[in-house]
Amino acid sequence: MDPITLILKVVYALVMISVVMTCAGYCVLAERKVAAWIQGRVGPNRASLPFITAIPIIGPFLQKLGIWQLPADGLKFLFKEDPVPGHVNKVYYFLAPVLALVPALMTMVAVPFGQYWDEAGVGHPLILANIDIGILFILAVSSLGVYSIVLAGWAANSKYPFFGSIRASAQMVSYELTMGLALLPVLMWANTADGIGGLTLSNVVASQDGLWLAFIQPLSAFLFLIALFAETNRLPFDMAESETDLVGGFHTEYGSFKFGLFFTAEYAHIVMGSALFVLLFLGGWNFLPFLAAPWPHTLVGSVLSVLWFFFKVCFMIFFFIWVRWTLPRFRYDQVMHMGWNTLLPWALVNLVFNTFLIGFLDKA
Amino acid sequence: MILPDVLFVLFASLTLGAGLLVVLSRNTVTAALLVVLSFVGISGLFLLLDATFLAALQILVYAGAVMVLFLFIVMLLDVEKTSHILPKKVSLVLSVSALLVMVIGVTYLLMESPSLPSVDLMPLDMPDAPLGFPAHAKAFGYALFTKYLLPLQTVGFLLLMAMVGVVVLSKSTAKAPEPTSETK
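Protein chains in written order, with the numbering used here: chain A, 1 to 364; chain B, 1 to 184.
Heads up, a few of these hints could be off.
As the list claims (entries may be wrong) - Straight line, CA to CA, 30 angstroms or less: simulated DSSO-like cross-link-like pairs of lysine-lysine:
hint : chain 1 : residue 1 : chain 2 : residue 2
1    : A       : K159      : B       : K171
2    : B       : K171      : A       : K9
3    : A       : K363      : B       : K147
Unchecked claim - Some chain B residues well away from chain A (every beta-carbon gap over 10 angstroms; in silico):
hint : residue
4    : D5
5    : S13
6    : G17
7    : L21
8    : L48
9    : M75
10   : L92
11   : A98
12   : V103
13   : G105
14   : L144
15   : V155
16   : K171
Claimed, not checked - Among the chain A residues that face chain B by a calculated CB cut under 8 angstroms, a handful are:
hint : residue
17   : I133
18   : S143
19   : V150
Treat the hints as calculated values from the structure; they're not laboratory data. Predicted model only: the values in this text are computed from it and were never measured. Even for Gly, the Cβ is constructed at its ideal location relative to N, Cα and C.
Produce the complete structure using the sequences and hints provided.
Structure follows, in structure tokens:
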């Protein structure tokens, strides 16, 4: 590998990280604003920058939108005093926030986000590493995220964080099953068409050129969405925090920047989960459910495909936030009951049904 | 081609170093986490061999699922406080001699040629295989469900037996009288 390719790859990776981190940051803002709108409040509208807010119309508009809240929050997390409680296990206490962020950012390597066409007019996905096992890589890396929760709760060396971490990790291990089983029919469907083979996400997107998979396999999509909410620890399933019975869950003992890392990791997970759902079920960068991609096979088309994909991801992030401020939290026994007694059987039924369906369609 | 060599040394030393520290560490939680680190190293070695599917499975199954359960048990049972047990003399002698036999065996095999004697790794005719043997998921699927169907089903049956055994065992303990106060 010559040095120029290496440098280019590093630059691509840095650009991607900055895009995802910015998205994660503005997710926090979106969460606060949407929560405010849903609850009939105004939301953050005070933070301002001295010179930009002085610009006549745009300045106050941006301030009301709360755009400057993100740097304010970030700087607060960065510069606050960083207390370390005396009773914690120091090594793991410092390791846990890092372990939370690393898997969340690593998954982006295998996420395609657009398409480009070479001189011959053949489409290729825009992706950091086009590996054969795309979706497996994402599942594998994100399954490592559970260590941060386990370690944070254990290292805090106090009762409620430990409860929170045990609950959250039991939930994550349980819902991984449903997630995997809901993915299998999708991959079977994507691989029948012309037998490209492989588990890459761009292959799944290519198979949705006409009709989106959410319409072909609504049950898979629904099960995957529920499992996604559980895996990202979002509200109907936020056993990890559950502040009414566990103080603050596994990050009770964390403050300032270390808490900020957990927080960023949670939102990075949401961004990545939204991107994954869009790629698997909402057609990726294809235009409309019943329409093949109309993008011209040029640079403009590539940009349009990336923008359209980004728009869909933003919608999914909005959906995550919308659900959080609409549904109440499940009780812990309800979560476990639903995971093992309802979702898992339905996922198995869905798998068997779709296997037969695909078999019959192949024969016909 | 210096980068693969550097990466090999990195991952190999990660695997071996973490493995050594697992044996030496007294804290069981640390030991469990070092096992995970060692698995990550093994997965990196698989990646260097272009066996991406195996690498992902190594992380997904062993690091992501099996070791989490180990960690749970270690944390919940609080086995840290067990005393430091010295190995028995018999097992010490046996393990050291087994290591010696392996070292001598590998050295003997490597004496004549710089690489280990290779068997034919191409189980099926895959024309688009990037290497001498197919390493991607589809090839594994074909091989498992055609040539190696019997071993696969045997393993599946074994796993089923283990599952039924777990259900039976956990049901029988549930019948025991519940402790009145919550155990610490």
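Task: Hint check: 8 angstroms Cβ-Cβ cutoff, I133/A to chain B - done: At about 5 angstroms, which falls below the 8 angstroms cut-off, the nearest Cβ of chain B leaves the hint on I133/A intact, so it holds.
TODO: Confirm or reject the statement that V103/B sits farther than 10 angstroms, beta carbon to beta carbon, from all of chain A.
DONE: Check passes; 33 angstroms lies beyond 10 angstroms.
Open item on the list: Please check whether V150/A passes as an interface residue: C-beta within 8 angstroms of a C-beta belonging to chain B.
Closed with: This hint holds: V150/A lies near chain B, its Cβ roughly 6 angstroms from the closest one there, short of 8 angstroms.
Task: Interface-negative label, K171/B against chain A, beta-carbon threshold 10 angstroms - done: 15 angstroms, holds
Open item on the list: If I take the minimum Cβ distance from L144/B to any residue of chain A, is it greater than 10 angstroms?
Closed with: 15 angstroms, holds
Task: Distance rule for G17/B, whose beta carbon must clear each one in chain A by more than 10 angstroms - done: With a cut-off of 10 angstroms, G17/B remains clear of chain A, as the shortest Cβ separation is near 17 angstroms.
Task: L48/B and chain A, when compared Cβ to Cβ, separated by more than 10 angstroms - done: 14 angstroms, holds
Task: Given as non-interface: S13/B, which should sit over 10 angstroms from chain A by C-beta - done: It holds; S13/B is separated from chain A by about 21 angstroms at its closest Cβ, greater than 10 angstroms.
Open item on the list: Confirm or reject: M75/B is not an interface residue toward chain A, with every Cβ-Cβ distance exceeding 10 angstroms.
Closed with: 5 angstroms, violated
Open item on the list: Over 10 angstroms from every CB of chain A: does D5/B meet that, or does the non-interface label fail?
Closed with: 13 angstroms, holds
- [ ] Please work out if K159/A and K171/B have their alpha carbons no farther apart than 30 angstroms.
- [x] Holds: K159/A and K171/B sit about 28 angstroms apart, inside 30 angstroms.
Open item on the list: Take the shortest C-beta to C-beta distance between S143/A and chain B; is it under 8 angstroms?
Closed with: 3 angstroms, holds
This entry does not satisfy hints 2 and 9, going by the numbered hints stated previously.
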